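These protein sequence lines are chains A and B, in that order.
The opening residue of the first sequence carries number 1 in our numbering; numbering runs sequentially from there.
The opening residue of the second sequence carries number 1 in our numbering; numbering runs sequentially from there.
Calculated from the structure, these hints are not laboratory results.
Keep in mind that a hint or two might mislead.
Said to hold, decoys possible - Just a few of them, taken from the derived set where beta-carbon distance is under 8 angstroms, the chain B residues facing chain A:
(1) P42
(2) T70
(3) S76
(4) P79
(5) R83
(6) L88
(7) S91
(8) G102
(9) R109
(10) I166
(11) D244
Nothing here was measured: the structure is a model prediction, and the numbers come from that model.
Using N, Cα and C, we set each Cβ at its ideal position, and we do this for glycine too.
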Amino acid sequence: MLRLERRSAPSTAMRVATPLVAVAASIVAGGLLFAALGHDPERALYGFFIAPLLSTYGLAELAVKATPLTLIALGLAMGFRAGVWNIGAEGQLTMGALAGGGLAAMVFYDAQGLWLLPLMCLAGVVAGMAYAAIPAFLRTRFGVNEILVSLMLTYVALLALSALVHGPWRDPGAFNFPESRFFSDSGNLPILIERTRLHLGYPLALLAVLVAWLVLARTVIGFQLEVTGLAPKAASFAGFKPDRTVWLAFLVSGGLAGLAGLIEVAGPGGGQLVPTISPGYGFTAIIVAFLGRLHPVGILLAAHVVALSYLGGENLQITMRMPVAVTGVFQGFLLFFLLAADVLVRYRPVWKRATA
Amino acid sequence: MTLRLPRRTLLQGTAAATLLAAAGRPALADSPLKVGFVYVGPVGDFGWTYRHDVGRRAVEDHFGDRVETTFVESVSEGPDAERVIRQLAASGHELIFTTSFGFGSSTLRVARQFADVKFEHATGYQRADNVATYAGRFHEGRAVVGTLAGMLTQSNRIGYIASFPIPEVIRGINATAIHARKVNPEAQVVPIWVNTWYDPGREAEAAAALISQGVDVMTQHTDSPAPVQAAAERGVPAVGQASDMRRFAPEHQITALIDTWGPYYIRRVQAVLDGTWTSTDTWEGFADGMVQLAEYGPMVTPEMAAAADAVRTSIVDGTYDPFQGPIMAQDGSVMFEDGHVPSDDEIRGMNRYVEGVVGSIPG
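Extracted from the complex, chain B is given alone in its bound form (with noise of 0.2 angstroms):
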């Protein structure tokens, strides 16, 4: 699955480009800028790590010889991170996207020590006169998930394979939960956590735990397609994860939730050319197309694909926010008032369960 971008961007781009590229890195206007890139994953995760390296040979396609392209794959989220940042900055990649949360710290580390170079963390929060941030707005894609799981559930019980409770993780259970319970006030949400973004084995065995307590419409927030998978095999629809794994489970899939970092890099690619780049950050969703639904599968009937259209375009025409008020806590307390609808701040710090989800937050 290629990202196919429009000729007329593609070549409006490559032209605008050419005559920017001399003005914006005089220096080095004649070799190729150098883009590194950081994944926590393997590039053949099919999901997170497969998508980031989508939206990176996008930038190849697009700018052709003017830039260079490295990656380095299965990065641990430790000490190590540091290392490959630094050995990336240090042979001349002028910028630098390290895309897991856990590498935050070792992207702002290297960035003071190489202030020339400009890095960019995906789903971080820390930022630096080099150091931008960006993300996707997953959680417009779950409000459509939502939906069509409240409404495919016979049991009321939705899956939930959870990855770290960070807040980006969390809030997506939440926009699943509250969507399912608009379609279907008895529906409830059953996380499960894992610790892990990969691992299709220990993913493959939460899918059957949760299977086995009565689950009959799968979601993760884990990376590989094992999950979606392992439902299949045992006949429960599923939602895929980053990247369209409809080829795992042709019958089974709902939809997947698919993340498009092509258009993006590109941008900040070509901000760099032209010497325009500035510490910026991005959080991007349904509007702007970071964040796309694959085809719904076979089990979605033309009405629930209407009620869950309904809410995308809600989302995209801006007359609706996933996490507008009124909504309720997980112990019955208000979380956000009728009416209120949350800022980007309010939305990013949410560390608490809403109304639907069962069990507690680890930790």
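So that you can see chain A by itself, here it is in the shape it has in the complex (with noise of 0.2 angstroms):
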């Protein structure tokens, strides 16, 4: 029968191929699927992964979709390193997007000058921070499970948004409707490409994968969220406080998270809050991190790979008038085929004879 048996040492160049090898698997499962249902796999393929790139709007929107996921996963991977399961980053985003936009649509809706957005910014991390603050203390303080009381954080944060853009915070002009006023022009992300709608938020994340990369790298909190994660042990014994780590974790995430709600209010959202901010950034950005192998640089892969699923799929929509499907069956194959490679790089099957 067929076993599996534990690799002793999985190899660096497997972790580094496995993703490659699930987007590809990926692409051939894709085209064979397309086949299925009657398509041009060959067109398919070419309307789902290169079409999408053909034009400078394209190309925007890419980098537009993949800001929110690349910060926010770059966070989530921090906690994820160390063991601590941050799975609220969809209310956190919220939270900052409420803050940020808040100020710019309640206070400051008349202000113009360059202090505003890193305020803005400021308010969206600070406020993203404090959300993750809970889940950090009910943990550190009693033993509560980060994972379920972030999660039904989310769904607070989400109703909080609701309630606010459906009550006190909606525009007087606007009948009634759910919206805020608009944030003055200050309060809005400056376009780097015109007729497009790439945004200063792109930049930053760049930047973020940069010290991301060198905290994880080089630095002694790099190291400890390492040891934490792969022998919880050893880094006590190395005097790292497993609450301290906790406590990083949430707060970095939680910050993160925060500043891509508020960059996506402020700068593909239109500059106003409405009551939907996100379409789960905070939950794809999972897969992303995962994908990414919990590394800044493959993140920042990842994060490009799963947006261009998403305007792949709308492509194809249009295009050849495909289900909505498409999009996430792509993603659940990647997904698939990740773990499954995952699985054979740490242990390798064995045929053996059964033993009575």
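Once you've looked at the hints, go ahead and assemble the two chains, each given alone in its own frame, into the complex.
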């Protein structure tokens, strides 16, 4: 019978190769699926992976979509490396958008000046951190499971957004419809390329990748996260307090998610708070983090691949009249093949005669 | 369930369109007119989006190869919508219907960049030279539904699964309550807010929660048939939303509001073909056929049917308005004076409950 035997040391080359293998396998499986659906697989794959990238606008959209995914996944990866599970990035994103966007829509809607955007960003980061501090506190103080708390707080945040936009923060000129006032011009992220939506958030995300890479590779903090994840006991012998790791992971991931939320409302969101801020970036970023091997550069690449799967799915709907499920199926393939390849990296399949 | 058009209308329309197509769009007369649709839910939601898609197919049936339609489903009401709408505009679609309230700002932003493309935003209020709005007077249907619900309820509690507290939804709740109480002064409407247009799981849970609170008639303003199904499982009669949901509850569907977009879509496509399209605001109900009701279910007695039909007839012939005064607000103050027939703008801005609704509007 077929058995899996643990490999003594998974090779680094294979660990790097698995995401690429997973992407390649997804493309093959996708092609087969398109063929089975009666579409020309070559044309469909072209429409999914290449066509969205052929215009400046398409490339800009890819960057716009990859920005929040990158920022959030970077933060989540810090925690995931140390075995701290923040599943509530969507809630922290919402709170960041609420705080920064609330400042712009409710306090400084008439104000102009270069100071406004940095202030909004700061508010977004602080609010995301504060919201992430709740599961961190409950975990470190009372040992409450951080997965559940952070996940459930997401729904609280979404309801808070809904209540504010439907209620006190509603634009007085909008006939009771649920949307805030528009931010002043200074409250919108500058557009980098005319006639696209590429905004300042993208270079910020790239900068965050660089900083995260430096922190993880070159500082004690990075080492601490790594050790805590691999060998919690060794970490405590080394004097790393597990509670501090939890706090660190939640504050960093919460802050980055909050920043991503603010960037969404001040950028592609059009400078206004509406009842829907994100199509679930906080959850998709979990896939991105793992697809990117919890490594900053990997995450940057993974964010673009996942962003492309959205653009490609939309494109196939428009040009080949395929159903929206194409996007989900592709993301499913990606995750499935990644996990499958992972198993083969860690374990070796062995044929053994059954010993009764 | 496909929309059937009278054969004569179809033939006349086709002949007229053929003549006018050349006149209206000289430059592009030979190529088919590309019409795009942006949906908030999946076409298989059996409710709101499904009915818009039935309308889209009616356009295809009517115009044949003179049009080419495209739809994008399950588009999130956020920044993503703008890209989808823009992609449709950039890929040669000359008329684009965006069929959810939350697509409004995105539609307007794209419209500013594509002056030659016509946009139509369902249930919206912001227009531009190339952006029209359209909606159904669904509260007319709710008036009939309320009448039936008021007569059917024994516990005097009518459940209402509500999506988002926007005026359109508040209006529906109010119309239901007003008409339930006209036939049963004890009746109350109990809304539960699920904060989604389409989430079968949450909708079904909400139905179960309402029934456990003593509700014995179910109505909904969300898009899936899950509440109707959940109610039927518990023996509670329910009203279908946006499309006829009888097959999900053959014994328990009281009736259903049916949104009928096909004729409107055909009209607007025709206008683009003719070159006569202008930015308009359309709000049609029973009289124009945009709002229809499904056949009554087995629990509706002939007396109930007669009372319901009387409400419907009086709305159609214009002798009655569902919101004509006196209407009292929930807090006991007067919303509309005795005899006052509110204007469309007054009805549009309705953001308070009327007497007989339980609870408060969130936010």
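Against the structure, the hints come out as follows:
no.	hint	verdict
1	P42	holds (7 angstroms)
2	T70	holds (6 angstroms)
3	S76	holds (4 angstroms)
4	P79	holds (4 angstroms)
5	R83	holds (5 angstroms)
6	L88	holds (6 angstroms)
7	S91	holds (6 angstroms)
8	G102	holds (6 angstroms)
9	R109	holds (6 angstroms)
10	I166	holds (6 angstroms)
11	D244	violated (23 angstroms)
Comparing the model with each numbered hint stated earlier shows that hint 11 is the single one that does not hold.
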